[in-house]
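Working from the sequences, and respecting the hints, build out all of it.
Protein chains in written order, with the numbering used here: chain A, 37 to 261; chain B, 37 to 261.
By construction, these hints were calculated from the structure, which means they are not laboratory data. What you are looking at is a predicted structure, and each value in this text was computed from that prediction instead of being measured. A couple of the hints might just be wrong.
One copy or two, either will do: identical chains are not told apart, so a pair holds if it fits within one copy or between any two.
Said to hold, decoys possible - For lysine to any residue, the following SDA-like pairs were computed, each having C-alpha atoms within a straight-line distance of at most 25 Å: (1) K243 with L253; (2) K83 with P212; (3) K120 with I236; (4) K83 with G252; (5) K83 with G46; (6) K83 with D182; (7) K83 with A121; (8) K83 with D254; (9) K243 with A151; (10) K243 with D206.
The lines below spell out each chain.
2 protein chains.
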Amino acid sequence: MHIGVLGATGPAGSALGVRLCSLGHEVTLGSRDSARAEAVRAELIAKWPDHDLSHLRGADNAGAAAADIVVVATPWEGAAPTVKALEDSLAGKVVVCMANALTRVGREFQPLIPARGSVAADVAAAIPAARVAAAFHHVPARELGDLAGTVDCDVLVCSDDAGATQVVIDLAESIPGMRAVNAGRLTAAGPIEALTAILIGMNVRYKAHLSIRLSGLDDSGARTR
Amino acid sequence: MHIGVLGATGPAGSALGVRLCSLGHEVTLGSRDSARAEAVRAELIAKWPDHDLSHLRGADNAGAAAADIVVVATPWEGAAPTVKALEDSLAGKVVVCMANALTRVGREFQPLIPARGSVAADVAAAIPAARVAAAFHHVPARELGDLAGTVDCDVLVCSDDAGATQVVIDLAESIPGMRAVNAGRLTAAGPIEALTAILIGMNVRYKAHLSIRLSGLDDSGARTR
Numbered sequence: 037m038h039i040g041v042l043g044a045t046g047p048a049g050s051a052l053g054v055r056l057c058s059l060g061h062e063v064t065l066g067s068r069d070s071a072r073a074e075a076v077r078a079e080l081i082a083k084w085p086d087h088d089l090s091h092l093r094g095a096d097n098a099g100a101a102a103a104d105i106v107v108v109a110t111p112w113e114g115a116a117p118t119v120k121a122l123e124d125s126l127a128g129k130v131v132v133c134m135a136n137a138l139t140r141v142g143r144e145f146q147p148l149i150p151a152r153g154s155v156a157a158d159v160a161a162a163i164p165a166a167r168v169a170a171a172f173h174h175v176p177a178r179e180l181g182d183l184a185g186t187v188d189c190d191v192l193v194c195s196d197d198a199g200a201t202q203v204v205i206d207l208a209e210s211i212p213g214m215r216a217v218n219a220g221r222l223t224a225a226g227p228i229e230a231l232t233a234i235l236i237g238m239n240v241r242y243k244a245h246l247s248i249r250l251s252g253l254d255d256s257g258a259r260t261r
Numbered sequence: 037m038h039i040g041v042l043g044a045t046g047p048a049g050s051a052l053g054v055r056l057c058s059l060g061h062e063v064t065l066g067s068r069d070s071a072r073a074e075a076v077r078a079e080l081i082a083k084w085p086d087h088d089l090s091h092l093r094g095a096d097n098a099g100a101a102a103a104d105i106v107v108v109a110t111p112w113e114g115a116a117p118t119v120k121a122l123e124d125s126l127a128g129k130v131v132v133c134m135a136n137a138l139t140r141v142g143r144e145f146q147p148l149i150p151a152r153g154s155v156a157a158d159v160a161a162a163i164p165a166a167r168v169a170a171a172f173h174h175v176p177a178r179e180l181g182d183l184a185g186t187v188d189c190d191v192l193v194c195s196d197d198a199g200a201t202q203v204v205i206d207l208a209e210s211i212p213g214m215r216a217v218n219a220g221r222l223t224a225a226g227p228i229e230a231l232t233a234i235l236i237g238m239n240v241r242y243k244a245h246l247s248i249r250l251s252g253l254d255d256s257g258a259r260t261r
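Written out as structure tokens, the structure is:
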């Protein structure tokens, strides 16, 4: 499976890219500036000499959009314009939005509400022929990008396309420690994205790298509904 | 500590009331109709003969509002009008809003956004002299009200009054299994309340009683920041 990451020079995108590549996927890190993507690729390969990252590539965002599955990890303001510019490449593909819209107000982090209620909904409106899902919002980038460790986190996946949900659930559950849960239709992205600001605020307050686990869920059922 | 619950005849309010009473608190279950509160009290006492519920009372909402700490467990539309009518009683007190605004749309549950962004913000605006906090949104009522079991859940507590946050954290952590976390100022109530609709949707999909645990948080620090 070839996975492209738009905006892969940020902490979340690079962490997801290197993790997925370490698991055997072909991964193209995309950036507005392909030289920056190449630089991040080189850093990651230098950082993890004991992992096979031979299928990690750097490219511009158009190069990343040529993949089979495309992850949107740009800053939230750039998400919809970035995918819109790549609309033809993304048609028919599973596009996974992991961006969160938030701002710092004093010592608090607060969610910002994009025009359609979530970054993912704005992305879906920009590329109506793509199969948009939202996921990976609450995963701490440090743990995700630490190939020596597992990721103690449940991922809430939502989409209006049930097949896309399943593709993303399978992708997330290929990551050691991660469990993925079907959180419903794409309207769920609003509350899921908004919670990220609260988690980041608690990270600052508790000097932690918090993530979410759901209790009361039978593991065996998580992938099947 | 005397705790009053407004709207205690619903599943969440009655569960919290009976749980806190079982832990030694004096609890007054409030309802618009004191006879309904008395009936719920009698049911709870009949259900748990092995627990000391001698300090459980039923009253109208005004009776519950006379307590030291007052929990708002009414349906969300009733929360602000109910506390407004009790404004004088509630002045200076810690008032804990646990209501969630949501609706069912087809097979999905979606959050509704109250005028000020959250039920708790509407409640705070209605009773400016009270010390409003929001908490207990994600606690499954069945587990909370099952005195034979513990509650496998983290509670996110938010308030603009740091003393109120601490009072609610201490109250929540008196419940076996429950951990409470300072989630910031009352603006956090919007995302916290909204997530409840997503959890309820997942409960239906997975036939589960989901709740939230935070990973990556050192237990020893949870109460102190």
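Each hint tested on the structure:
{"no.": "1", "hint": "K243 with L253", "in the structure": "between (28 Å within a copy, 9 Å between copies)"}
{"no.": "2", "hint": "K83 with P212", "in the structure": "within (20 Å within a copy, 44 Å between copies)"}
{"no.": "3", "hint": "K120 with I236", "in the structure": "neither (29 Å within a copy, 33 Å between copies)"}
{"no.": "4", "hint": "K83 with G252", "in the structure": "between (38 Å within a copy, 24 Å between copies)"}
{"no.": "5", "hint": "K83 with G46", "in the structure": "within (16 Å within a copy, 55 Å between copies)"}
{"no.": "6", "hint": "K83 with D182", "in the structure": "within (10 Å within a copy, 50 Å between copies)"}
{"no.": "7", "hint": "K83 with A121", "in the structure": "neither (33 Å within a copy, 62 Å between copies)"}
{"no.": "8", "hint": "K83 with D254", "in the structure": "neither (37 Å within a copy, 28 Å between copies)"}
{"no.": "9", "hint": "K243 with A151", "in the structure": "neither (32 Å within a copy, 33 Å between copies)"}
{"no.": "10", "hint": "K243 with D206", "in the structure": "between (31 Å within a copy, 21 Å between copies)"}
When each numbered hint is compared with the structure, violations occur for hints 3, 7, 8, 9.
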